[in-house]
Amino acid sequence: MDLSFSKEEIAFREEVRAFFRAAVPATTRVKLIEGRELSREEIVAWQRALNARGWAVPSWPKEWGGTGWTAVQHYIFREEMQLTPAPPQLGFGINMLGPVLYNFGNEVQKKRFLPRIANLDDWWCQGFSEPGAGSDLAAVKTTAKLEGDVYVVNGQKTWTTFAQHANWIFCLVRTDTTVKKQAGISFLLIEMNTPGITVRPIQTIDGGHEINEVFFDDVRVPAENLVGEPNKGWDYAKFLLGHERSSIARVGMSKERVRRIRELAAKTLAGGRPLIEDGRFREKLTALEVELKALEINQLRVVAAESSAEKGKFNPASAILKIVGSEIQQKTTELMLEVVGPFAAPYATECGDDGGSWMGQVAPTYFNKRSVTIYGGTNEIQRGIIAKAVLGL
Numbered sequence: 001m002d003l004s005f006s007k008e009e010i011a012f013r014e015e016v017r018a019f020f021r022a023a024v025p026a027t028t029r030v031k032l033i034e035g036r037e038l039s040r041e042e043i044v045a046w047q048r049a050l051n052a053r054g055w056a057v058p059s060w061p062k063e064w065g066g067t068g069w070t071a072v073q074h075y076i077f078r079e080e081m082q083l084t085p086a087p088p089q090l091g092f093g094i095n096m097l098g099p100v101l102y103n104f105g106n107e108v109q110k111k112r113f114l115p116r117i118a119n120l121d122d123w124w125c126q127g128f129s130e131p132g133a134g135s136d137l138a139a140v141k142t143t144a145k146l147e148g149d150v151y152v153v154n155g156q157k158t159w160t161t162f163a164q165h166a167n168w169i170f171c172l173v174r175t176d177t178t179v180k181k182q183a184g185i186s187f188l189l190i191e192m193n194t195p196g197i198t199v200r201p202i203q204t205i206d207g208g209h210e211i212n213e214v215f216f217d218d219v220r221v222p223a224e225n226l227v228g229e230p231n232k233g234w235d236y237a238k239f240l241l242g243h244e245r246s247s248i249a250r251v252g253m254s255k256e257r258v259r260r261i262r263e264l265a266a267k268t269l270a271g272g273r274p275l276i277e278d279g280r281f282r283e284k285l286t287a288l289e290v291e292l293k294a295l296e297i298n299q300l301r302v303v304a305a306e307s308s309a310e311k312g313k314f315n316p317a318s319a320i321l322k323i324v325g326s327e328i329q330q331k332t333t334e335l336m337l338e339v340v341g342p343f344a345a346p347y348a349t350e351c352g353d354d355g356g357s358w359m360g361q362v363a364p365t366y367f368n369k370r371s372v373t374i375y376g377g378t379n380e381i382q383r384g385i386i387a388k389a390v391l392g393l
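Each residue of the sequence shown is one higher than the last, beginning at 1 in my numbering.
Simulated from the structure, these hints should not be mistaken for laboratory data.
Some hints here could point you the wrong way.
[As the list claims (entries may be wrong)] Label-pair distances were calculated between CB atoms; the ranges are: (1) PHE239 <-> ASN193: 25 to 33 angstroms; (2) GLY134 <-> ASN167: 52 to 60 angstroms; (3) ASN154 <-> GLU8: 53 to 61 angstroms.
[As the list claims (entries may be wrong)] Simulated crosslink set (DSSO-like; lysine-lysine; CA at most 30 angstroms straight-line): (4) LYS7 <-> LYS293; (5) LYS255 <-> LYS267; (6) LYS238 <-> LYS145; (7) LYS369 <-> LYS255; (8) LYS267 <-> LYS180; (9) LYS7 <-> LYS62; (10) LYS111 <-> LYS232; (11) LYS141 <-> LYS110.
From the three backbone atoms N, C-alpha and C, an ideal C-beta is built for every residue, glycine too.
Work out the full structure: start from the sequences and follow the hints.
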């Protein structure tokens with residue numbers, strides 16, 4: 001298997017890199033490097049800049065704005081976006097709902113929603129998890145009863161990321177209680193300003209407000225907002241989750257964080273000399289870099305398989321990418337915390353604007369990344385997938 005890049009692919013990387021360097025505002029890039037939260041306006045502006053360039057939804061079919069890139073080009077694009085760094089694209093519309101719509105939606109839904117997703121005219125959130133249905137999505141209890149030409153929705157969703165910003169939510173709802181639980185679920189699109197919807201914030205361990213509870217009390221949704229066939233939502237959800245888990249490794253993001261750690265460790269004194277000269281610290285950093293290089297090679301193998309005749313065949317290496325990639329992301333935050341030391345103790349709001357306020361983001365980022373091994377399919381579940389696919393257990 002040849003894992004080297006061709007001349008054309010190297011030229012493509014330079015094109016992508018040049019665009020990102022020119023298009024990402026300096027203030028936005030600094031925020032990302034320092035771990036600060038981007039505003040809604042910054043995220044929207046970046047997505048629209050990508051859309052103007054024709055790169056908003058690169059993996060979609062060309063008829064809906066896709067680029068027709070190879071698997072290698074997609075890999076390069078994602079890596080350069082993370083290395084720049086540029087604002088990450090919102091996956092809920094682009095990587096999750098979009099593919100469901102252009103594969104299973106009707107023509108009216110495609111024409112109505114897909115262009116607006118590409119330009120981030122609509123901000124989507126995901127209504128899957130419930131208090132009693134997280135890892136076991138088949139246990140969803142939110143109901144949708146058809147009354148004439150509307151569905152009446154009642155229930156609750158939780159851990160709903162960015163629901164405070166969203167104007168639409170795609171939901172798994174139970175439309176048939178007389179069949180086995182996987183068979184009675186449908187996939188419904190709901191406008192967030194519909195009467196009967198209440199959004200309540202959940203404050204996370206890092207002090208932020210990223211996730212929410214969403215309550216539905218007799219919410220009336222047009223029946224035309226049903227995606228695909230009634231009671232086929234479980235199939236669409238499995239398809240969607242496959243897209244969600246394909247990009248969690250984030251090799252480029254970890255490479256940028258390792259670069260940042262090296263840079264800061266060279267400026268931080270420990271025992272009267274730069275921390276980067278401490279033998280134990282260098283040992284930990286080198287071990288992390290070795291793990292990251294191994295992950296990168298595995299990711300390239302997955303990309304090479306996608307580009308060959310093996311495309312469409314399940315590759316258990318994708319589960320490995322999720323496990324190792326998420327664990328490496330956590331390790332980078334641990335090393336960054338070691339670099340900053342006691343200066344990570346104050347919250348960002350207590351640090352002021354003296355140029356060192358970025359240090360107040362280090363501890364919150366560390367705590368926030370504890371969740372990366374859980375969302376998108378817990379690492380325990382991924383290990384089970386590998387055991388079954390490789391070892392036949």
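Violated hints - listed by number, lowest first
Result: hints 2 and 8 break, sorted rising.
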